[in-house]
Amino acid sequence: MWTWFYRLASPPHVYRLAATLTPWFLIPALIAIAYGVIDGLVFAPPDYQQGDAFRIVYVHAPAAWMSLFCYVTMAVSGAIGLIWRIKVAHAVSAASAPIGASFTILALFTGSLWGRPMWGTFWAWDPRLTSELILLFLYVGVMSLRTAFEDAPRGDRAAALLALVGVVNVPIIHFSVVWWNSLHQGATVAKLGKPAMTPSMLWPLLAMLFGFMCFYGAVLCMRLRGEVLNRELKARWVREALSP
Amino acid sequence: MKGELLMADGWAAFWAMGGYARFVWPCFLLAFAVLLWNLWAARRYHVQARRRAQRALAMAGSDS
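Chains A and B are the protein sequences, given in the same order.
The numbers in our numbering rise by one with no breaks, and the one at position 158 of the first sequence is 147.
Converting from the second sequence to our numbering requires adding 302 to each position, the first position being numbered 1.
Treat the hints as calculated values from the structure; they're not laboratory data.
Since the model is a prediction, treat every value here as computed from it, not as a measurement.
Incorrect hints may appear among the rest.
Stated by the list, open to error - Pairwise CB distance ranges (calculated):
1) V129/A to L341/B: 20 to 30 Å
2) L341/B to L231/A: 14 to 24 Å
3) A362/B to W169/A: 49 to 59 Å
4) A323/B to I72/A: 24 to 34 Å
5) L331/B to P160/A: 31 to 41 Å
6) S133/A to F334/B: 23 to 33 Å
What the hints assert, rightly or not - Below, a sample of chain B positions facing chain A; criterion: calculated Cβ distance under 8 Å:
7) L337
8) N340
9) R354
10) A358
Quick reminder that beta carbons are idealized off the backbone N, C-alpha and C, glycines included.
Just need the whole structure built from these sequences, with the hints factored in.
This is the structure we're talking about:
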């Protein structure tokens, strides 16, 4: 029953599985993002307070969500790699880091561009903004630490430890708007029973979130294949996999 | 509905984004740039790893 689960620790199986899964993630991602952009920019009504500037939410919120999701994936897979010494788990962790960092940069820049017309400033040392910036530093730290060791397994272990320590920042980011006085608005979609958005605004946002999640899945699979190959350069299965 | 407004006001109003064009459009452009970079970088990373593996296999073959 658990055979499929144990096979996820096998590099050749994961290499092939990632190739199979990539289009299954990428095609829905492109469809959902195209729908979200068109519906969000053209058909969603303007906000009664923020006007058309609110449309930035359709890229800002999914990017911010993904910055946290990628970090949790990176930390959990790092922990699995540390505890069970599974090479593939470290590969997932390494593949997640640059994707998560790019989403964090996107969330920070789009937030800044949204902040200028709404708050009158591109940047404020607000709890939500500051903790998101710390998340970017954590991503950079994890990526740098992994490459700082000549011995790759030691680099993997050090990076996993830092990722695990840094995971404390994730609830801080999420609850920063509740715990402290913040310029940043509170949760709009996370209130499951009663989201603060009207459905015509909410659907494109959910489509963009789904699209970004699937996109992350596709890019993770593509990067994971490279990571697995880099860790298994001299393995026998690589010869078979690369033979024409 | 914004879609109806777009039909009534035309493309100029759509591109103007209610006066927030210089904030809205750069966000969407940056988002597409980040998504495209991710695709390009992931593909490049895999291609480079393949080349490295092929070189390692070729060296192992010549050694034996």
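**Report entry** Hint check, A358/B versus chain A [nearest Cβ-Cβ separation less than 8 Å]
**Finding:** holds (4 Å)
Query - Cβ separation of V129/A and L341/B, checked against the hinted range 20 to 30 Å - result: Given range 20 to 30 Å: holds, Cβ gap about 22 Å.
**Report entry** Hint check, N340/B versus chain A [nearest Cβ-Cβ separation less than 8 Å]
**Finding:** holds (5 Å)
Report task. Report holds or violated for the interface hint on L337/B, using the least CB-CB distance to chain A and a cut-off of 8 Å. Result -> holds (6 Å)
Query raised in the report: Does the nearest C-beta of chain A fall within a distance shorter than 8 Å of the C-beta of R354/B?
Result: Hint holds; R354/B Cβ to chain A Cβ min 6 Å, cut 8 Å.
Requested in this report: With 23 to 33 Å as the target window, see if S133/A and F334/B comply at their CB atoms.
Outcome: Given about 28 Å between the Cβ atoms, the range holds.
Query raised in the report: Is the gap between the beta carbons of L331/B and P160/A within 31 to 41 Å?
Result: For L331/B and P160/A the Cβ distance comes to about 32 Å; the hint holds.
Query raised in the report: Using the C-beta atoms of A362/B and W169/A, is the stated range 49 to 59 Å upheld?
Result: Roughly 57 Å apart at Cβ, these two residues keep to the hinted range, so it holds.
Requested in this report: Look at the Cβ atoms of A323/B and I72/A and judge whether their distance stays inside 24 to 34 Å.
Outcome: violated (51 Å)
Query - L231/A and L341/B - C-beta distance against the hinted 14 to 24 Å - result: Given about 22 Å between the Cβ atoms, the range holds.
When each numbered hint is compared with the structure, a violation occurs for hint 4 only.
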